[in-house]
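Work out the full structure, taking the sequences as your base and the hints as a guide.
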Amino acid sequence: MTSPIARWLRASWGLVLTAGLAGGCASPPASRGAQDTVAFAPPADSLIPHDAAGRSILRGRALLAHTRDSLPAHVGAALQCVSCHPQDGRQAGAMPWVGVYARYPQYRSRSASLSLIEDRVNDCFQRSMNGKALDPASAEMRDIVAYLAFLSRGVPVGARVAGQGLVPLKVARGDSGRGATLFQVNCARCHGAGGAGTAAAPPLWGDASFNIGAGMARARTAAAFIRRNMPLDRPGSLSDQEAADVAAYITSQPRPDFPGKEHDWPEGGAPADVPYRLLSQPAPPPRH
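As numbered in the working numbering, residues 14 to 301 make up the sequence shown, in order.
Treat the hints with care, as some may be off.
[Said to hold, decoys possible] Straight-line C-alpha distance at most 25 Å; calculated SDA-like pairs for lysine to any residue:
{"hint": "1", "residue 1": "LYS274", "residue 2": "LEU129"}
{"hint": "2", "residue 1": "LYS183", "residue 2": "PRO299"}
{"hint": "3", "residue 1": "LYS145", "residue 2": "ASP270"}
{"hint": "4", "residue 1": "LYS183", "residue 2": "ILE225"}
{"hint": "5", "residue 1": "LYS274", "residue 2": "GLN294"}
{"hint": "6", "residue 1": "LYS274", "residue 2": "ASP220"}
{"hint": "7", "residue 1": "LYS145", "residue 2": "ARG133"}
{"hint": "8", "residue 1": "LYS274", "residue 2": "PRO299"}
{"hint": "9", "residue 1": "LYS183", "residue 2": "ASP286"}
These are calculated hints, taken from the structure and not from any lab test.
This structure is a prediction, so every number in the text was calculated from the model and none was measured.
Structural data, given as structure tokens:
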């Protein structure tokens, strides 16, 4: 049964998507159900219009690819947005941005609220980039959203795109001891023996990395990303268990804090791998 929120999104947001992306950025939403899955088909650059909208799309892509250099006041980590969303967000199985615009507004249990795409972008700035939120009305936010909208060209409102997100592993947990050895063999050549990053790859822990509130600070999220996409020169070469072990090691390392993290998932339902205590969780029993 379709929820009232889902019905509202399909009824009202289809108009926003069509109007906001007219002029070459997107096709009107097709008459498909919100749960339909469409093929992963990032639009070609040749479809970027040669006008003001196209210039905004290109600026948005550049900001996402060179985030720290372009927006230093908003980025506290030695990361770019494409550090976690490779190939300008066009790589299937690597948290691509293809179709993301067509799935917002979206209810998010972490905040227990209906989020706009601008809210989701700022989540990444504050958590994954360990930085500060952009003004939702700023030119920079407009350009980033324009690029995300372009990547949703032809995607029906609410549709699932094949290859979106990450595929969770069936391994229950990783072993950080084994992960430490696997890291040195498979990851250190790009990320550095101490995880501080190199010219080839970003830091995975320490002051210049993503903070504890980021999705990649969760072991299961990190494991799913590693399994499909790492090592960069041999993606997919690690087993599920090896990916989980490496993720356990990486997420056990120190990283910046995220003030206010305890307020996440205020209505409950937090994933089991959240690496910090929440106010919505029952207090642990006292020790005797």
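Right, here's what the structure says about each hint:
1. Distance hint between LYS274 and LEU129 is fulfilled; the C-alpha atoms sit about 20 Å from each other, no more than 25 Å.
2. Note on LYS183 and PRO299: the hinted pairing is violated, with a Cα-Cα distance of about 33 Å set against a maximum of 25 Å.
3. The hinted pair formed by LYS145 and ASP270 meets the criterion: a straight-line CA distance of about 14 Å does not exceed 25 Å.
4. With a CA separation close to 23 Å, the supplied pair LYS183 and ILE225 stays within the 25 Å bound.
5. A hinted pair counts as satisfied when its Cα atoms are at most 25 Å apart, and LYS274 with GLN294 qualifies at roughly 13 Å.
6. With a C-alpha separation of about 17 Å, the suggested pairing of LYS274 with ASP220 holds against the 25 Å cut-off.
7. A distance of roughly 13 Å separates the Cα atoms of LYS145 and ARG133; the hinted pair therefore holds under the 25 Å criterion.
8. Distance check on the hinted pair: LYS274 and PRO299 sit about 23 Å apart at the alpha-carbon level, within 25 Å; holds.
9. Taken as a hint, the LYS183 and ASP286 pair is honoured in the structure, with Cα atoms around 14 Å apart against an allowance of 25 Å.
Of the numbered hints listed earlier, the single one contradicted by the structure is hint 2.
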